[in-house]
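K.L.:
Listed here are the chains, written in short residue letters.
Number of protein chains: 2
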Amino acid sequence: MKKIVTIGGGTGQFTLLSGLKNYPLNITAIVSMADDGGSTGRLRDELGVLPPGDIRQCLVALSESSQLLRDLMNYRFEKGDLKGHNFGNLFLSALEKIKGNFSEGVEEASKILDTKGRVIPVSEQKMNLCIKLNNGKILIGEKQLDHNKDVRKYGIEKIYLKPTVKIYKKALQAIKNADLIVIGPGDHYGSILPNILVKGVPEAIQKSKAKVVYNCNLTNKKGQTEKFDLDQYVEEINKYIGNNRIDFVIFRHQKPPEGLVEKYEKREGKKSIVEFNIGKKQKRSYRIIEAEVLRRERVNKNRNDLIANTRSFIRHDSNKLAKVLMEILELDNKKAIKKII
Amino acid sequence: MKKIVTIGGGTGQFTLLSGLKNYPLNITAIVSMADDGGSTGRLRDELGVLPPGDIRQCLVALSESSQLLRDLMNYRFEKGDLKGHNFGNLFLSALEKIKGNFSEGVEEASKILDTKGRVIPVSEQKMNLCIKLNNGKILIGEKQLDHNKDVRKYGIEKIYLKPTVKIYKKALQAIKNADLIVIGPGDHYGSILPNILVKGVPEAIQKSKAKVVYNCNLTNKKGQTEKFDLDQYVEEINKYIGNNRIDFVIFRHQKPPEGLVEKYEKREGKKSIVEFNIGKKQKRSYRIIEAEVLRRERVNKNRNDLIANTRSFIRHDSNKLAKVLMEILELDNKKAIKKII
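Here the protein sequences line up with chains A and B, keeping their order.
Heads up: the first sequence at position 241 corresponds to 241 in our numbering, and the numbers run straight through without jumps.
Heads up: the second sequence at position 237 corresponds to 237 in our numbering, and the numbers run straight through without jumps.
Hints were generated in silico from the structure; no laboratory data involved.
Don't take every hint at face value.
As the list claims (entries may be wrong) - Far from chain B, some chain A residues (derived; all Cβ distances over 10 angstroms):
1. N135
2. L139
3. I156
4. R295
As the list claims (entries may be wrong) - Covered, in the sense of this in silico footprint (three residues per stretch, anywhere, with C-beta under 8 angstroms from a C-beta of chain B), are these stretches of chain A:
5. 81-91
6. 325-334
Just so you know, even glycine gets a beta-carbon here, dropped at the ideal spot from N, CA and C.
Kindly generate the complete structure, drawing on both the sequences and the hints.
P.N.:
Pasting the structure below:
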């Protein structure tokens, strides 16, 4: 079986893995440990555990257990001291405490949830994301990205981890042996780059014999990736990895519906939909794969699942993304890919 | 398969079920919903759920899943907002919320934990235990029994539920069809009698064709069952059920070790070890089965299991109790029963 490694966190990786799990693949999801907001942040602070939120989303995506068990993992308590806590996060934190180690806890969770594939923290060390703004101010903690108004006001100069942390040996092994490494989709500064900032990750990706694919984000965030186009995303990731290592970039073939675009521009400013300008560069170190990857069904806010949250309504489609990746792996007929540039 | 129904709650029922599950029996555990202390009490107050604690203990006792999953259900958080909460209680409360109904949540938990047998709340209504003391004062809430000093000082005149609650239809069905109904061991006022106070339970036990066995408690509690002997326990339970319905009483054949007896008398007063005085009554409506049912191994306080808590050190042995019950069901050779009076 072909070995596929995904790198990211959050809802983007949930979407990606939900599609990939339907194919005969050996899947390893590598997940950032930088999250420190919400239920995850409270558990991190109060119990001293590693952040469970993104790991949980990946486990649920890959789980072949009952819908009920998956609903349970996503259940959020609504009242009392437990308010805002996600049951699956408590499950992972309790397992970490019992096993005495986060990654062993995750392995056990994986057995209980009967996952197709492995979920692995990028590092076994706690990660503290530092965000340097264009006004020189330094913010500490991933949650600042979406909750500190200065980010939207001044924009980000760069991000880094302090102290530096080292790649987890199983993540290193997975990257080394992969046939395909898939980066994103996911929050650029919150999920994607924090993985690549981990010592050993860029080197491992550089050395791996795998094809490296980047699922380009569909939308920008004000103050973060404001007005980014496809090339800016790729160049920044390539800068962190080194060696122009990205081979393919998957990009939407069609535009999102006009109404949605307007809604985004109202919230995130002009050019909040990521564009690709073919004439901008003469030569690129990566090939661009245009494909129909947008989710077309209306996202139902009330469904008790992860895709249903309100963060964003322009989203990738799990199955469409997976189909394109299978074509890149040459395991499927070329039907999903519309154009290779 | 013979149908056995156990009635109780807490550690006593955990002990009983842990032994019974090794036999080819159709087991139904009926559990009191009166608990309102600790983690269970907080969930009841804050989330408005039915009390999960005793149900959880029964599910774990009957679970055939991995040791890890059972350890997880008993895991207690040690810090932060979650401090004191038991993971298994959160699990049951989340399932109740998702399914919209406690008993359905318990059924799902039972599937996830792969239990051998069913665990059923005695009622689907919330139970409020009222405790009338000998000085006329009325205390409300099961947790008062062990935490209100007036109980130890004045003693209990009677207990009742206000408002009255009705038996859950599946509990009724189980009692009706049982071959053997086993009451106790368990906290007399906290677990055993609250089940029998539920409207429909005494009538169902009276009508059932089952043999009714009472596992007599081994120790007394100051202010509650102070100086009770075997006959007082049985008479009080018979009074609540009506019709002298208890057929057999299982009682220890040997005394607990002298050192332990002293320890109990120091804490709970004289006669804190339940005695049986054969000459006290000329005729009894129940037969007394003497058997070696005491747990002999030292209870290790540090083991992550339910038997290991410090509430009591004179305990029933799971396997010995089960053996005697199998003999009463005539499914085993008469070896465990020492004497029938």
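K.L.:
A separate judgement is required for each hint: does it hold in the structure or not?
P.N.:
A quick look at each hint next to the structure:
1. N135: Holds, since 35 angstroms exceeds 10 angstroms.
2. L139: holds, 24 angstroms
3. I156: Non-interface label stands for A/I156: nearest chain B Cβ at 31 angstroms, farther than 10 angstroms.
4. R295: holds, 25 angstroms
5. 81-91: holds (count 6)
6. 325-334: violated (count 0)
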